[in-house]
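For reference, the chains in residue letters:
There are 2 protein chains.
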Amino acid sequence: MNKKYILDESIIPERWYNIAADLPEPPAPPLHPGTLQPAGPDDLAPIFPMGLIAQEATSDRYIAIPDEVRDIYRIWRPTPLVRATNLEKALETPAHIFFKNEGVSPAGSHKANTAVAQAFYNKQAGVKRIATETGAGQWGSALSLACKFFGIDLTVYMVKISYQQKPYRRSMMQLWGAEVYPSPSDRTNAGRAALAEDPDSNGTLGLAISEAIEVAAQDDDCKYSLGSVLNHVLLHQTVIGEEAIAQCEAAGAYPDVIVGCVGGGSSFAGIAFPFLRERIAGTRQTRFLAVEPTACPTITKGQFTYDFGDVAQTTPLLKMHTLGHDFMPAGIHAGGLRYHGMAPLVSHVVNMGLMEAVAVPQTKCFDAAQLFACTEGIIPAPESSHAIKAVIDEALRAKEEGAERNILFNLTGHGLLDLSSYDAYLSGDLRDYDHPEEAIAAAMARLPKIS
Amino acid sequence: MNKKYILDESIIPERWYNIAADLPEPPAPPLHPGTLQPAGPDDLAPIFPMGLIAQEATSDRYIAIPDEVRDIYRIWRPTPLVRATNLEKALETPAHIFFKNEGVSPAGSHKANTAVAQAFYNKQAGVKRIATETGAGQWGSALSLACKFFGIDLTVYMVKISYQQKPYRRSMMQLWGAEVYPSPSDRTNAGRAALAEDPDSNGTLGLAISEAIEVAAQDDDCKYSLGSVLNHVLLHQTVIGEEAIAQCEAAGAYPDVIVGCVGGGSSFAGIAFPFLRERIAGTRQTRFLAVEPTACPTITKGQFTYDFGDVAQTTPLLKMHTLGHDFMPAGIHAGGLRYHGMAPLVSHVVNMGLMEAVAVPQTKCFDAAQLFACTEGIIPAPESSHAIKAVIDEALRAKEEGAERNILFNLTGHGLLDLSSYDAYLSGDLRDYDHPEEAIAAAMARLPKIS
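Sequences listed follow chains A and B, in order. Residue numbering for the first sequence follows the numbering used here, beginning at 1280 and increasing consecutively. Residue numbering for the second sequence follows the numbering used here, beginning at 1280 and increasing consecutively.
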């Protein structure tokens, strides 16, 4: 029996899959924050190149992946589909557990899939510099490498708590040539306003986004780049699911349930949407389970409504699950999951009943991560550990029910640059943040009023 | 054209290759440090299990790899053989550069190849605990995971300068269940003696070995394990070269020169010996180039003579290239290359004129590492960067000569847990240690006198 399935470069997809083409109901459009009318390409042109704007709005089912992008994908793709036999044994479960290991990319996560694509389309448009934000640093490091490959300068606003907790990800970005600033910074109006309110602010993804957009909007040669949430980002991530379909076929194990962590939702969309295409077509009955932290329970406790993508209210309004654009999540170690909103496409799919969600506390995730590290050898990113916790619960349920079930999850990244988080865990210094209900209610009260 | 060659599990070797069976002259035997007579199995029995002692002395050409070991190898093997096309372009060289990426193992280096084998034979012998040393932590982390897989307790003495420079490798070992102490420690006679002499000692591998052997020798249930130098360790590493031969064939590119860094010599032996078998058989004319740091130039500046493997003079005497068992190398960032001696088999092969060596300073290695990271995406371990520096020199020489040449090197590990070293490099805080000639002369004067 194989442990890893099909690693031949011939299965690297030649096209990305756009689920919008197959949804029974279309998702609600983004709205211009001033006019409240659907935002058009011109509204996005100051901050994105046209190649990406076109992908944001397209109804084409498939988009060809440029050769230049596929050439770089070949550095780490196809990523392995691995049977977690040792974890199965430890759990004594009849379930078969598979994971797609996106941690093998040079930057250590799935973020490289869209970083390379975004850098390509920016280069094509003659962009000289990109500004972006990053949480735990997974996105910032992936885009640093992609920009280095295409000869584009990069400025990264890194959420301050992660800047402090994950110094190695900063080093990585700098080694690949990026400038990195902790956010909130004193380099932007948005940052200065946040520092004036709270000089010790941990920062949030929403705030770092505001800083990066502000910088990009002020400079004609500079564009902005987002690592999740938007349609084109989810599109690029579908290489994960397309490869997984071919690999699951080789393994003779079509998944009964697919599990992934969700911050902005792009990695989970990436593995899930190609399989969801088959469910929508009626050929399969797969379940989809999104896993979020109890400290930032966007789907399970948020509202499905129009909200801003950032704190400074500069983005178009997106219809999505949200905790409110100025919700400040606790400083959990899964920095990539500390986002108040959710990808509109993921929210829409959840709202149609095609996806479920569950929230889990961080200490249970670290328990799960250590079990995974000690059985399968791989140390997962704290973000990915949320999926592992839910997978273990699913596998134990299968054991109770005596059901032989195929579980597939997305191992979105490795945790080698998160070992300080594991130190905190091993020292007993971690706590959970289970009920941010008051903070959520307060942020919800500040949602924009859109009928 | 493929970027990565054959990743199918069917090429994982079924047997290790023992070069001793094919050498034109046999290597000199180890000597008992008391009697100066060839050391027999009984001399090693207090610290090693019989399965490994038998491999240390065997003249069998091939040793079958146990199924339990191959099952674990399948977590990361076969490792990719990668064509470094982007690096070639950056150098504008007609040379074709290939690397074998051993950094994909869960612990991040080639050390896992022997760690798993050693843990297996110890488990088979009923051993409950292993004591070992580690330099930069590559070996300690690999053995931690291997011991976790086989249910063996582990105590690691980590060279103090690395314990301080690489805190994440300590976290990794602890996550996998090991106890880790900085060496010199106050837990052993050898450690206390070193601290009495210099309370601020950086430590050395030779000293950490003394601590671990002392602990193992005092406890019947505890054995000792070494991550390099010895014949059985080199044997286990030959999976690298055996896979590479199959992959080079698929690439249609038999190497003209094979390059690797050397600390104790096991990773380089691992990639080189299977190819050397073909050179000895007269079918190929491959060159072999071992690369060491100028701060610890064992082959290029040492003597080929009998010496101890450790500071406390507790090991058998080994005939090898040595700088003297109490030579204290400067605190370079490639902690795994700070060893005074060299594997006897590597030394013997060098002495027969079958291998060359070169010494390079660390700042040039970091320059090379950054170029590699920015072209191929992978951040190399500081140890591996020594090979990259020499490969770049070879590729530039090929360019001068207009020669299309196949260069293969061993990327022994990734540098994701060495990013503090890259920080020092990027800040301009690194220096070189080019001429430790007085220190070498002094240590040489204390060599044991063996005719």
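Some hints could be false.
Since the list gives no way to pick out one identical chain from another, each pair is judged satisfied if it fits inside one copy or across any two copies.
[Unchecked claim] Dumping the calculated BS3-like pairs for lysine-lysine here, alpha-carbon to alpha-carbon at most 30 Å: (1) 1368 x 1728; (2) 1407 x 1368; (3) 1580 x 1407; (4) 1402 x 1580; (5) 1368 x 1402; (6) 1402 x 1728; (7) 1728 x 1643; (8) 1728 x 1678; (9) 1598 x 1580; (10) 1402 x 1282; (11) 1598 x 1678; (12) 1282 x 1728; (13) 1580 x 1728.
Since the hints were derived computationally from the structure, they do not count as laboratory data.
Right, here's what the structure says about each hint:
When the C-alpha separation of residue 1368 and residue 1728 is checked against a cutoff of 30 Å, the pair qualifies neither within a copy, at 52 Å, nor between copies, at 55 Å. Taking identical chains as interchangeable, the C-alpha atoms of residue 1407 and residue 1368 lie at most 30 Å apart only when they sit on different chains, with a minimum of 22 Å there against 52 Å within one chain. Proximity of residue 1580 to residue 1407 under the C-alpha cut-off of 30 Å is found in neither arrangement, the shortest distances being 41 Å within a copy and 49 Å between copies. Taking the shortest Cα distances, residue 1402 and residue 1580 never come within 30 Å of each other, neither inside one copy (40 Å) nor across copies (50 Å).
Within a single copy, residue 1368 and residue 1402 get their C-alpha atoms only as close as 48 Å, which misses the 30 Å cut-off; across copies the closest is 19 Å, which meets it. Proximity of residue 1402 and residue 1728 under a CA criterion of 30 Å is satisfied in neither setting, with 38 Å inside one chain copy and 66 Å between copies. Taking the shortest Cα distances, residue 1728 and residue 1643 never come within 30 Å of each other, neither inside one copy (37 Å) nor across copies (60 Å). With identical chains, the CA atoms of residue 1728 and residue 1678 are never at most 30 Å apart, being 47 Å at best within one copy and 66 Å at best between copies.
For the identical chains of this complex, residue 1598 and residue 1580 are intra-copy neighbours only, at 16 Å inside a copy versus 69 Å across copies, given an alpha-carbon limit of 30 Å. Proximity of residue 1402 and residue 1282 under a CA criterion of 30 Å is satisfied inter-copy only: 23 Å between copies versus 39 Å inside one chain copy. Taking the shortest alpha-carbon separations for residue 1598 and residue 1678, neither the intra-copy value of 39 Å nor the inter-copy value of 57 Å comes in at or below 30 Å. In this homomeric assembly, residue 1282 and residue 1728 never come within 30 Å of each other (Cα to Cα): the closest approach is 52 Å inside a single copy and 53 Å across copies.
Proximity of residue 1580 to residue 1728 under the C-alpha cut-off of 30 Å is restricted to the intra-copy arrangement: shortest distance 19 Å within a copy versus 76 Å between copies.
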